[in-house]
Amino acid sequence: MPAVTETLETVQSVTDSGYKWGFETDIEMEFAPKGLNEDIVRFISAKKNEPAWLLEWRLKAYALWQKMEEPTWAAVKYPPIDYQDAYYYAAPVQKVKPKSLDEVDPELLRTYAKLGIPLKEQAILAGVEGAGDSPSDSGRMPIAVDAVFDSVSVATSYKERLAKEGIIFCAISEAVQEYPDLVRQYLGTVVPQGDNFYAALNSAVFTDGSFVYIPKGVRCPMELSTYFRINAKSTGQFERTLIIAEEGSHVSYLEGCTAPMRDENQLHAAVVELVALDDATIKYSTVQNWYPGDAEGRGGIYNFVTKRAQCRGRRSKVSWTQVETGSAITWKYPSCVLLGDDSVGEFYSVAITNNWQQADTGTKMIHVGKRTSSTIVSKGISAGQGQNTYRGLVRVAPTASGARNFTQCDSLLIGDRCGAHTVPYIENRCMTAKVEHEATTSRIAEDQLFYCRQRGLTQEDAVGLIVNGFCREVLKELPMEFAVEAQKLLQISLEGSVG
Amino acid sequence: MSLVIENLSAAVDGKPILNGITLAIPAGEIHAVMGPNGSGKSTLSYVLAGRDGYEVTGGAATFEGRDILAMEPEERAAAGLFLAFQYPVELPGVGNALFLRTALNAIRKHRGEPELDAMQFLKVARERMRTLNMTDEMLRRGVNVGFSGGEKKRNEVLQMALLQPRLAILDETDSGLDIDALKIVADGVNALRGPSFSALVITHYQRLLNYIVPDRVHVLLDGRIATSGGPELAQRLEAEGYATIQAEAA
Amino acid sequence: MTAVRHTGAEGFLQRFEGLRARLPGRRLPWLEALREDAARAFRAQGLPTRRVEAWKYTDLRPLGEAGFEEALSSIDGGQALPVAHGGSARAVLVDGRFRADLSALDGLPYAAGSVAAALPGLEGRIGTVAPAAALPMVALNAMLFEDGLLLTVPAGVAGGVLDLLSLASGGARPEAFHPRHLIRLEAGASLTLIETAMGPEHDGTTLHKPVYEIEVADGATLVHARLQQEGRQGFHLSAVHARVAAGGTYDNFTLVAGARLTRNEIHIALTGPGAAAHMNGAQLLAGGQHADTTTYLDHAAPGCASRQTYKTVLAGRSRGVFQGKILVRQAAQKTDGYQMNQALLLSPEAEMNSKPQLEIYADDVKCSHGATVGEIDHGQLFYLRSRGVPEAQARSLLIQAFLQEAVEGVTDEAARAALGAAVTGWWEREALA
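Same order as they appear, the protein sequences are chains E, D and Z.
Those letters in the first sequence? Residues 1 to 499, per our numbering, in order.
Those letters in the second sequence? Residues 1 to 250, per our numbering, in order.
Those letters in the third sequence? Residues 1 to 433, per our numbering, in order.
Extracted from the complex, chain E is given alone in its bound form:
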């Protein structure tokens, strides 16, 4: 999501204070019948015109899901989810390709504007003919955007330009049509259908997501970004993303998310699979601001996501960077399986829980190859009555000689009604591997706040400054556009938490 400061400020001035992305967009939508059964799975597959092998794959996942039990080990509490009480397919009705912005449904354009997407990119996303042909007006570095609106990818920009380098960046539903062999080769190889309850559900009913393929030796010239938004009521969002980086390639991918304010809880159960071959690098950044529920804890998104990377190649590297400020409940562990010798996994995270939010998040680093290394920096901020848990696993197999891990896990508590918890699992079966873990707990001290205020900062600004200082190590890993937005998000998320 292009997050230029000016457009962000426009968004902020348009909406009132509070969750600024909580608006609804009123456009024509198409829904599958409510509920989940084998027919719905077939409906979705037929809607997308999928080949038989994929329908089989979905049905197998659905069969596995029916036998599985919802997991309860995370330190989060929520009322039981009725899986039959939701729509599993909702899509904006696609009209004929518009000739200009005037022909595009104005509601759609208003949504893009509110989300801070500049006019040029809006045109591309709305599918205006020829919109992507001339260079961007503002002279900025362009960012390729794939917009996923409820269950479907609405458009992807800059496809042709990327295609010239052999890079594929498109909706996964499109990739299934255009590049079925590639998809089939990799889909489910990092997160198999039966991996866990939500992955199985996702595998059965996923409707869209992004597909990225970077060929050998290619350094992707622009950042790739997917913008996810849940809009329709009572729908679950199950996107599936697959990123493949071949030998010696490099790609940086940004994921942004928002949703309207509603009293009900909506489920977001995504699966992200990353594959990095020899000498390849994938950088995956997320700024998640799903609707967190109101100050009394009503509503909000349940964010239950499975994200996993396989560093298959030697000297391959995957970095996960996330800023999680939203959603009522966050349950995700972006992980790296370090298979290739000398491969590297990184996890940088800031997770905020304010009001009644709950987060049980962390990472898993599985060391299999020799001299593999992993770095984990997790910053948890708890305010209001939020409960924030870091849960991490560092597992070193006997084969991972010379492996190294360093984990730094810090919690910041604001007020005495919230909780900050740390549950790291360290399992080392290799004598020559070295694992180090540290965790600290702190708070914003009264004398720090007073110092800032005496220098003229308001209490809010002081909190924002100190919190950003606390999260600095993580924020500096974000691509620049995201970093600016993330800093503002942190401050907004903590409004009203001190004093």
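You may find that some hints are simply not true.
Which chain Z residues face chain E? A few, computed with CB under 8 angstroms, are given here [what the hints assert, rightly or not]:
hint	residue
1	L358
2	A362
3	H369
Don't read these hints as lab results, they were simulated from the structure.
Quick reminder that beta carbons are idealized off the backbone N, C-alpha and C, glycines included.
Once you've looked at the hints, dock chains D and Z against the given chain E.
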């Protein structure tokens, strides 16, 4: 008049510390407040700056005619008040440059002046730093993180030079400093001297007052001003200690 | 015809049914009820499996598979007792039963003796600090305990050093004993308790399952060092439950050097402001040993301090586990808690699993933990060798230096000396093995 304190009383945790302080600093003057440990020196500076936990139980304090006791700490800062802390706190991860620019812009905004962007700020900062003999390096570090005592005081002085306060309160700013650091602080304060600048220098020792020569000296005992005089009063205290004054005041 | 020998949880329950009529305190209704409730709780939960989070890394199946018998037959005296560590005060239990004939407790300023002998007066003292309902292994002990050490140090009394020897005589058949120790220090009292647990001289299989209920009153100090040096075939599953009141200090050190499978649980609740807990330990493992130290530190009152240092050295195919949870309740402002857990792997087949946990509900606290797992530092080893120290000796020096930090945490000199000697002894045996 710049700062006018009338019969100010204050308590900390319910315990009375200031017991009716009356003191006035005309614009352009520097006054010193001296006293033994426990006399209420730091309490006076915190009450004037508006720190939580310091409860005003009576009296009044105005600055340039405005009631500062009714203002939030950042409002007092915007009104021109600056407290140089005895033990400046650390702000890990917060870059010094960012902090200073944010503070400066907050005050500029309050005064109706345009805010400075990063480049403009750097220019202004470097000018001030040149006169204080400081390098860019200090701007890059975290606020007071890992700073020696002397470096922390330099940082306070730099802030003063950038924020251009009209009333500077120095809370035992000379404690634990060697002569060189002391001179930096003194130079910083003296550089601000002018018709619209006043300062309240709170100190236990007379030494600093050799470099920042006060117009008036007040002695604080048991939360009250026991006696006041010219700069020679400080020398007398140095020579005789507080006991004589205590006896005289009894 | 040989009777069917039940194993696992069922085995223990069957034996409980069979033994009830002969267990001490059988005519005390409150104790009957306590044992009955414990049996019900144990039946409901069974022996913990690895699916239970608290037992994730320790498999109790080998325990379940051996059929244990409680040693209710009389035991011969005449054991050669190990050398006492501190002063002359000594309490001896053999197979979980207090032995007045082997103990030396005359003229002491505090009361020490047998739990079984004092049972009629102990209503309300058993099962209050260590509740059986939620913990199956404590429930098991409540069902089957016969005896234990009853220790009460009156207010203001400095008790000096008391040696506690827990010996297992070992018979032809696997034997289990479940002593219940009740230790209370009243306000301002102090005591150093050094316990040595030793197994049978021959390789009998024993299950030693002690439960300690410890109360440290206002301003009292208890130093409690436990050296577990039981036989290589033994099982040692202990649970220490302690409550420390305002201004009190509980200093616990656990050394694991013996047994085939060890699980030491240490639950400490700091219930009054200014209470302190120091928890230290060393696990010295070789061969196929498995040792699990699981600690729970509950900061329930403000202004309390806790320090934990645990070191594990793993040779051979041994497996070490450390789980340490620190809970800081909402009321526990100004908590100062620190935990360090380090493991040294000496062989490629060794394995260490570690789960240091923080659960924090108060904000004005200083809480941190650290964990490392690795091997001997090559740079340090090379430095010693380059100065002429032979490799084996250099390793020995580094390992002892590694363990020393845990021993140094013990505040009492006599206890520290005992531990230091045990550590040196272990390494000497291991290096020669």
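Taking the hints in turn, this is what the structure says about them:
1. L358: Hint on L358(Z): holds, closest Cβ of chain E at ~4 angstroms, below 8 angstroms.
2. A362: holds (5 angstroms)
3. H369: holds (5 angstroms)
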